[in-house]
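Number of protein chains: 4
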Amino acid sequence: MDFSYDARTEDLRTRMLAFLDEQVLPAEPVFHAQHAAGHPWGRPPVLQELKTEARRRGLWNLFLPDDRFGAGLTNLQYAPLAEITGRSPFIAPEAVNCAAPDTGNMEVLSLFGTPGQQDRWLKPLLDGAIRSAFCMTEPEVASSDAANITTRIERDGDSYVVNGRKWWSSGALAPECELLIVMGKTDPEGPRHRQQSMILVPRDTPGVRVERGVHVFGYTDGPHGGHGEVVFDDVRVPAENIIAGEGEGFAIAQARLGPGRIHHCMRLIGMAERAFDLMCERAGSRVAFGRPLAEQGVVREWIAEARVRIEQARLLVLKTAYLMDTIGNKGAHTEIQAIKIAVPAMAEWVIDKAIQTHGGGGVSQDFPLAELWAHARTLRLADGPDEVHRASLARRELRRYQNT
Amino acid sequence: MDFSYDARTEDLRTRMLAFLDEQVLPAEPVFHAQHAAGHPWGRPPVLQELKTEARRRGLWNLFLPDDRFGAGLTNLQYAPLAEITGRSPFIAPEAVNCAAPDTGNMEVLSLFGTPGQQDRWLKPLLDGAIRSAFCMTEPEVASSDAANITTRIERDGDSYVVNGRKWWSSGALAPECELLIVMGKTDPEGPRHRQQSMILVPRDTPGVRVERGVHVFGYTDGPHGGHGEVVFDDVRVPAENIIAGEGEGFAIAQARLGPGRIHHCMRLIGMAERAFDLMCERAGSRVAFGRPLAEQGVVREWIAEARVRIEQARLLVLKTAYLMDTIGNKGAHTEIQAIKIAVPAMAEWVIDKAIQTHGGGGVSQDFPLAELWAHARTLRLADGPDEVHRASLARRELRRYQNT
Amino acid sequence: MDFSYDARTEDLRTRMLAFLDEQVLPAEPVFHAQHAAGHPWGRPPVLQELKTEARRRGLWNLFLPDDRFGAGLTNLQYAPLAEITGRSPFIAPEAVNCAAPDTGNMEVLSLFGTPGQQDRWLKPLLDGAIRSAFCMTEPEVASSDAANITTRIERDGDSYVVNGRKWWSSGALAPECELLIVMGKTDPEGPRHRQQSMILVPRDTPGVRVERGVHVFGYTDGPHGGHGEVVFDDVRVPAENIIAGEGEGFAIAQARLGPGRIHHCMRLIGMAERAFDLMCERAGSRVAFGRPLAEQGVVREWIAEARVRIEQARLLVLKTAYLMDTIGNKGAHTEIQAIKIAVPAMAEWVIDKAIQTHGGGGVSQDFPLAELWAHARTLRLADGPDEVHRASLARRELRRYQNT
Amino acid sequence: MDFSYDARTEDLRTRMLAFLDEQVLPAEPVFHAQHAAGHPWGRPPVLQELKTEARRRGLWNLFLPDDRFGAGLTNLQYAPLAEITGRSPFIAPEAVNCAAPDTGNMEVLSLFGTPGQQDRWLKPLLDGAIRSAFCMTEPEVASSDAANITTRIERDGDSYVVNGRKWWSSGALAPECELLIVMGKTDPEGPRHRQQSMILVPRDTPGVRVERGVHVFGYTDGPHGGHGEVVFDDVRVPAENIIAGEGEGFAIAQARLGPGRIHHCMRLIGMAERAFDLMCERAGSRVAFGRPLAEQGVVREWIAEARVRIEQARLLVLKTAYLMDTIGNKGAHTEIQAIKIAVPAMAEWVIDKAIQTHGGGGVSQDFPLAELWAHARTLRLADGPDEVHRASLARRELRRYQNT
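Residue numbers (the working numbering), protein chains in the order written: chain E, 10 to 413; chain U, 10 to 413; chain C, 10 to 413; chain X, 10 to 413.
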């Protein structure tokens with residue numbers, strides 16, 4: 010279990026840090042200003058410039074372990090790079106074409122797509138020419154339990170017909186979003202984990218209706234195409250759009266979620282580090298009751314505790330990455346759940362303290378902290394609430410004691 | 010220390026509950042829809058209808074203990090009424106003309122205003138005809154320490170000239186906002202607590218510039234006129250606009266803050282109760298992994314713990330109200346700080362658990378929870394961050410042991 | 010809901026405070042020294058002196074609401090008195106004959122005992138002439154669920170025969186302990202809450218064997234007769250020793266537990282106040298890194314937070330007392346559970362911070378803090394673990410939402 | 010940063026696990042029974058048998074990195090071995106001659122001792138033939154600040170004369186304890202970190218008086234010679250007993266504390282794992298309200314959370330060990346502080362939940378949990394309270410931002 014950076018990682022880290030410092034951080038105010046002045050769900054033009062620059066710098070598709078399509082990095086190699094993008098999580102990940110939900114969709118297409126599907130959809134996604142959404146969660150049911158899914162995908166001749174309602178389809182409101190990957194049931198009476206399938210639905214298919222954007226603590230995530238509530242009303246697509254065959258939906262979802270979860274966690278470490286920087290800078294410069302905050306015991310406790318928590322979370326992410334690389338996503342199941350439980354909570358705590366250190370500014374748009382917090386908090390729910398992960402992790406642990 | 014409701018309180022409670030159930034809660038979706046369709050800083054028309062109805066029902070200016078101007082209730086009588094308005098905190102308080110910052114401003118004018126000032130400004134505020142803002146906090150300094158204030162109020166002949174920059178001037182962007190109460194220094198070299206004064210500044214005075222709205226976790230608080238960043242650039246007002254004389258600013262602020270803080274806490278109890286209701290309803294109706302959430306141990310722990318915390322916080326608020334009524338705001342200083350520390354944190358915790366119970370819906374605009382949370386979180390900073398209150402409360406406690 | 014002290018309470022408080030300051034606190038080192046030098050389960054002689062003095066001062070049997078037998082105080086009147094005894098919880102409660110488990114046993118005998126039972130056992134207990142134990146919990150089963158009880162009480166002619174094993178029978182190792190009140194099943198097949206009965210067993214009955222003392226974090230509670238593990242091996246007692254008849258055991262236990270729980274909570278407030286005093290005194294006198302602890306931010310946070318938590322807990326206890334006095338123990342069920350959840354956790358937190366303020370001394374025998382902590386911690390388990398109370402409280406809350 | 014076990018570590022782990030399972034765990038009840046029946050400060054005979062057996066198995070002095078004297082393992086190699094001993098922390102560490110405070114004293118002698126000192130004292134300590142104590146902390150001052158030390162070591166001809174009072178001199182009451190290493194001031198007016206020296210004091214030197222044992226939450230730690238309060242009254246030792254020369258005391262203490270702290274943390278991981286095992290076994294076997302605890306949501310949350318916390322703490326300990334091995338104790342200063350903050354708190358939390366799962370048994374002597382807890386809690390104070398470490402760690406972090 011060797012966490013040292015190899016030469017390639019070291020090189021990419023250096024370049025990623027330079028890109029962040031030279032290009033991304035300075036672009037943050039521009040990004041927000043352009044968004045405020047533009048289309049509510051449109052991407053600010055500066056993002057395209059950053060993408061061009063990132064590609065020029067060789068920072069592109071680093072997330073994809075399949076070197077036919079992406080950088081071919083291991084999770085352990087990718088972790089420190091994704092962490093750096095997490096320091097500016099609303100810009101950097103997309104600038105290097107490593108942003109959810111496209112990453113997961115590209116991963117699905119690279120693993121399970123037919124050559125035709127890859128040619129039609131994976132290629133433009135890898136190029137950053139189009140964007141996509143992932144339609145799994147439903148408003149009416151507890152979707153962390155896949156058996157609850159109610160969307161139907163029914164075979165009808167050479168087509169499938171999709172009916173249902175999804176939400177939290179991130180990116181679906183963006184003009185650039187051309188593809189929806191939809192999970193639904195093809196066989197509601199089948200075995201629990203064989204009922205579901207996934208299918209490719211071009212967003213302009215008749216019957217697809219993006220009704221609205223779902224907000225997150227007041228944020229629309231507009232520059233990323235928001236979080237769509239999408240209705241599928243007798244949506245008909247060719248039968249060949251099914252991914253990997255009927256009944257494979259649950260397995261694909263599992264394959265997609267492991268990397269998705271660790272990517273979130275890698276970036277959350279970076280988000281926490283960004284908040285940590287801001288907290289320390291503020292503590293050094295803000296004076297109250299005659300002394301800088303940095304000399305006040307409570308703020309010092311936060312800083313120490315934050316450092317201790319970040320470091321522990323990072324190590325657990327690295328260990329998980331290592332296990333995914335060596336024994337596979339399934340073997341690393343417990344660790345993936347562990348980081349999904351630990352890391353958002355850690356980031357939420359650190360960011361909260363950074364907010365408190367900033368006073369009123371902390372909850373405002375003048376610092377990225379409030380939006381970072383909202384993002385971290387939401388990740389205690391997205392991809393399954395903490396409670397579901399904890400219950401599952403505990404069941405697995407308890408199994409080891411059953412014969413004692 | 011008798012917390013029972015007397016007959017008048019009982020009667021007002023019954024009427025307030027009816028108003029909430031019959032008018033306010035049904036108006037919530039209307040309010041949001043009208044706001045989305047209207048002016049970003051304007052009040053939705055339904056609010057005016059509710060105000061008319063509230064006044065008709067005798068639910069008006071209940072916050073004001075001075076019965077020449079308001080209902081003449083004690084804090085203990087007002088507490089359960091304010092709590093009820095806290096269940097719909099973005100509508101109910103203003104509907105009954107008991108919303109910050111106007112309440113504090115009316116209190117200041119009723120206590121310290123000259124008859125002329127009261128006639129010009131207090132009367133229309135009491136009528137709900139205009140709105141006002143309070144300009145104290147400054148972006149450049151830790152404003153919980155009043156000595157840090159940099160805004161200047163300088164005498165020049167028959168006028169005062171105001172120069173400075175304020176933010177978190179809630180309501181300042183509203184078209185209805187006609188009055189700003191501004192704190193600044195008239196005597197920067199005077200004794201620490203005699204340097205400050207307060208002055209009345211009509212918002213249309215030349216040199217007043219409301220530059221932008223400060224957001225709260227993505228929320229603009231638009232329907233309430235947002236939170237303004239206001240620049241005062243050689244703003245000249247008549248000398249008679251000073252409140253209570255030069256050097257009285259700190260004392261007025263203290264007089265204003267005590268009631269302001271307890272009013273926030275009263276409403277926070279109601280916010281927590283609203284979240285509690287939503288959590289219990291959701292727990293009873295949402296099924297995951299074959300059982301309603303209500304039968305799952307973790308959710309039950311939250312519900313029990315929430316009830317225990319709410320109840321303790323409510324009792325502490327009532328005790329504080331009782332002390333303010335009997336020994337005065339100064340005598341109740343420790344208790345006012347205690348609730349300012351305890352109640353926002355309690356509400357934040359309860360609402361967070363309600364959010365978690367709602368899954369993705371919890372952070373969205375489909376339930377009031379995310380916005381309630383943002384409000385509760387902000388109150389750990391507004392009117393002084395927790396840390397300042399804790400340090401001050403502890404100093405006072407420690408004093409009792411100094412000679413031991 | 011009036012929490013003010015009436016004249017009688019005020020008078021008793023004054024006398025109790027004087028007794029504590031003049032007699033009890035100075036006796037603490039004597040008590041420990043005598044115990045160390047004497048019988049491991051025997052009472053230090055100073056305790057008898059204190060009892061004589063307390064009785065002389067009219068501070069005796071204050072816990073018993075039945076004025077035929079005790080002081081006839083309401084719970085609300087008793088609360089502040091019990092709190093004072095909690096400041097020296099290993100001496101004061103017994104010095105005023107208000108110590109568990111005798112209080113509960115006296116309450117049971119006063120409520121359910123026949124005149125003969127009262128004459129034989131209640132009278133000497135009220136006189137402080139003998140001591141008693143309560144045998145309910147069993148080592149082999151989760152005893153918070155009364156259906157799990159395995160001890161049998163079987164009718165055989167004019168006798169009952171008791172067989173079983175109990176533990177946590179506090180006081181049972183003391184030479185002065187003459188009576189055991191034992192809960193067991195007379196009808197294991199009966200309705201869930203009618204299976205159990207309670208019976209009086211003189212400790213010297215053949216077949217009663219006190220096997221050992223159970224420790225609490227290294228403490229034996231020796232001066233109070235420890236916590237016995239007691240075996241009942243064909244123990245035969247007259248049929249008239251049954252309390253209130255067969256099948257009444259569960260109801261008696263419930264009647265006993267309500268007051269027992271609130272008495273613990275009242276004393277826990279006092280324990281927290283004692284720890285608070287010690288923390289503040291230490292903070293004022295101990296210097297580290299050039300400044301007294303009292304000027305260091307972290308310690309100040311603890312002090313403020315402790316004050317806020319103690320105050321909230323006290324108010325909840327008072328409310329519960331009030332409800333028990335007015336609507337009865339059954340009506341106050343939720344509140345009794347609420348304080349059982351909230352108060353030990355509060356005390357544990359406050360004492361932990363006081364320990365930390367004392368450095369190594371905090372965990373040692375040089376201050377009462379470590380033993381106070383162990384006692385508070387144990388009360389998160391005794392009389393039912395927190396989790397059982399929370400689950401039950403939540404079920405009750407959820408019931409209110411069932412038809413929504 | 011490679012955390013994999015090399016072949017030697019793997020071999021030692023296998024042997025250590027076998028020793029624990031086959032010898033140590035079965036000896037636990039014997040150990041306690043022998044102690045209860047024997048000398049209050051004497052070692053139970055079974056310990057000597059275990060030491061003989063451990064040495065036979067090649068498990069001896071593994072802590073000592075200097076291969077002239079000990080096993081010559083790196084910290085990274087030693088970490089998993091020390092963790093295993095932590096599963097039975099009151100027996101296993103001493104059985105393999107790796108118990109504090111002897112380990113630290115042996116380290117000091119190996120690093121700073123003269124050949125004569127090593128021959129006289131290090132040799133018998135390495136053989137496990139004698140035991141030693143470390144006399145640093147003083148009852149009257151906050152000893153985490155070395156400048157507070159008041160004990161004097163004064164040169165007088167060919168001797169040094171020691172005067173002072175120490176406590177928490179662990180092991181000092183044991184009959185086997187023959188050596189005290191004492192820290193005191195030789196030059197109270199010298200530079201802050203050059204005032205202190207360390208000196209070797211044979212326990213039988215006239216003037217040495219071990220007054221009493223200091224308890225830890227009711228535990229005496231009797232089988233390990235307790236925690237002595239030791240008075241030095243004109244204690245005269247030869248001048249050659251000074252270690253490394255006058256003024257070296259602070260530097261020696263620092264050199265001693267780094268390894269001491271990480272050894273504690275390694276063992277705490279094992280203590281947490283032991284509690285985790287007990288919690289899971291209990292959860293699987295104990296039934297309450299019709300279901301095993303393992304099926305109840307709250308207990309499952311604890312189990313999951315415990316696993317997540319233990320794993321993070323372990324990784325941080327391993328990283329710290331790696332840094333100590335590669336960049337030295339000084340370079341790893343921040344990480345040593347980080348584990349000192351994080352690991353005891355983690356262990357305390359895990360053990361607390363295991364206690365709660367065990368009901369009344371959890372706080373009793375029937376399971377090791379209560380004593381494990383007391384030990385973990387004390388380590389939030391021993392070797393410097395959390396607050397001192399946090400303040401120091403934060404200062405170091407803040408330094409990085411000073412020029413921004």
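No wet-lab data here; the hints were simulated from the structure. Worth double-checking, as some hints may not be accurate.
Unchecked claim - Computed from the model, here is a short list of chain E residues facing chain X with C-beta under 7 angstroms:
| id | residue |
| --- | --- |
| 1 | S13 |
| 2 | Y14 |
| 3 | A16 |
| 4 | R17 |
| 5 | E19 |
| 6 | G293 |
| 7 | A313 |
| 8 | V397 |
| 9 | R399 |
| 10 | A400 |
| 11 | Y410 |
Computed from a prediction, not measured in an experiment: that's the story for all the values here. Don't be surprised by glycine CBs; every beta carbon is placed ideally from N, CA and C.
Which of the stated hints cannot be reconciled with the structure, identified by number in ascending sequence?
-> Of the numbered hints given earlier, those the structure breaks are 2, 3, 4, 5 and 8, listed in rising order.
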